[in-house]
Amino acid sequence: MKNAIFFYYNLNPITITKRDKRYEFQLQNAWYVLTPCTRPQEELDKLYNLSIVLYERGIPVHQIVLNKDNQLVTFINQTPYILFHIYVPKDTNIVLNDILNFQKYTTTVSLDNLPVADWYHLWTQKIDYLEYQVSEFGKKYPMIRESFSYYVGIAENCISLVGMIPDIQKNTLSHRRLGVQSTLFDLYNPLNLVVDSKVRDICEFIKDSFFHGIHAIEQINFYFSTQALDKQEAKLFFIRMLFPSYYFDKYEQIIEKDHDEKELLPFIHHTKEFEYFISIIYQHLVQYAELPEIYWIKK
Numbered sequence: 000m001k002n003a004i005f006f007y008y009n010l011n012p013i014t015i016t017k018r019d020k021r022y023e024f025q026l027q028n029a030w031y032v033l034t035p036c037t038r039p040q041e042e043l044d045k046l047y048n049l050s051i052v053l054y055e056r057g058i059p060v061h062q063i064v065l066n067k068d069n070q071l072v073t074f075i076n077q078t079p080y081i082l083f084h085i086y087v088p089k090d091t092n093i094v095l096n097d098i099l100n101f102q103k104y105t106t107t108v109s110l111d112n113l114p115v116a117d118w119y120h121l122w123t124q125k126i127d128y129l130e131y132q133v134s135e136f137g138k139k140y141p142m143i144r145e146s147f148s149y150y151v152g153i154a155e156n157c158i159s160l161v162g163m164i165p166d167i168q169k170n171t172l173s174h175r176r177l178g179v180q181s182t183l184f185d186l187y188n189p190l191n192l193v194v195d196s197k198v199r200d201i202c203e204f205i206k207d208s209f210f211h212g213i214h215a216i217e218q219i220n221f222y223f224s225t226q227a228l229d230k231q232e233a234k235l236f237f238i239r240m241l242f243p244s245y246y247f248d249k250y251e252q253i254i255e256k257d258h259d260e261k262e263l264l265p266f267i268h269h270t271k272e273f274e275y276f277i278s279i280i281y282q283h284l285v286q287y288a289e290l291p292e293i294y295w296i297k298k
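Numbering that gives the first Met the number 0 puts the first residue of the sequence shown at 0, with every later residue one more than the last.
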């Protein structure tokens with residue numbers, strides 16, 4: 000990889016550290032990360048321009064280094080890579096305030112021409128595909144087979160609820176997924192950016208906090224006491240908290256990356272506690288937004 004970095008970028012690091020699928024090195028007190036690229040070219044061009052705009056506004060988003068051919072993507076052994084120049088302590092774990100500050104400082108950024116997340120269609124397609132997978136391969140995964148219908152039932156509730164909400168009126172820069180093990184590298188990675196409601200990142204972070212046993216109630220109380228949600232955002236907050244993305248993320252790791260099924264146990268063993276947690280959120284939000292009655296939440 001050292002030869003490839005020199006050939007494509009004219010950079011000659013002494014030491015390169017491989018971490019998972021990415022390569023990290025330091026040159027003259029500057030950090031660089033070469034990472035596989037999973038975004039399509041039409042999105043990359045927009046994200047490249049967006050990252051420059053954000054950086055010029057003082058937001059330390061990683062900057063993409065062009066290769067010798069003035070291209071964003073470099074193919075090395077048939078794998079597409081992007082080289083980032085990093086401006087943050089990349090291994091520092093994020094906290095809730097990091098997400099709130101990111102949202103605060105990116106509020107006025109133009110999001111024109113960037114694709115907007117569509118929960119209804121994304122979730123519908125995901126559930127249809129996962130149901131097909133379980134019907135084909137479920138016998139190999141008994142824990143998935145036994146727990147899957149519960150989480151699909153919740154997901155279908157969420158799909159029904161979000162289908163009754165008009166298109167999201169207020170969008171902000173969000174991330175594919177943020178959790179308690181996410182770092183500043185993840186927060187400021189332009190490849191991780193999506194356009195969505197401001198509740199997306201917060202909800203995913205708090206759900207992950209809950210299943211890691213990290214002060215989720217305190218985070219909810221802090222968020223509700225410091226952040227204003229309009230009626231649509233309140234509904235979206237509840238739906239996003241209810242949607243079991245944590246289960247489906249882990250499901251995909253088991254099926255596609257050969258993770259152990261036992262990694263589902265923290266979710267399965269805490270279903271009642273999480274239902275109670277959701278009921279607390281429901282009782283708060285129903286004061287400000289018209290939320291439909293869900294019998295198992297009100298029990």
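It is worth saying that the hints were derived from the structure and are not from the lab.
Glycine included, each C-beta is placed from N, C-alpha and C at the ideal position.
One should not assume that every hint holds.
What the hints assert, rightly or not - Once the Cα atoms are required to be at most 27 Å apart in a straight line, the calculated DSS-like pairs of lysine-lysine come out as:
no., residue 1, residue 2
1, Lys20, Lys261
2, Lys17, Lys89
3, Lys103, Lys20
4, Lys17, Lys249
5, Lys67, Lys89
6, Lys89, Lys103
7, Lys138, Lys261
8, Lys67, Lys139
9, Lys256, Lys20
Said to hold, decoys possible - Pair by pair, the computed Cβ-Cβ distance ranges are:
no., residue 1, residue 2, range
10, Asp117, His258, 26 to 32 Å
11, His258, Ser109, 38 to 44 Å
12, Pro291, His211, 25 to 31 Å
Practice item. Compare the structure with the hints numbered earlier in the document and write down the numbers of the violated ones, lowest to highest. Key: 3, 8
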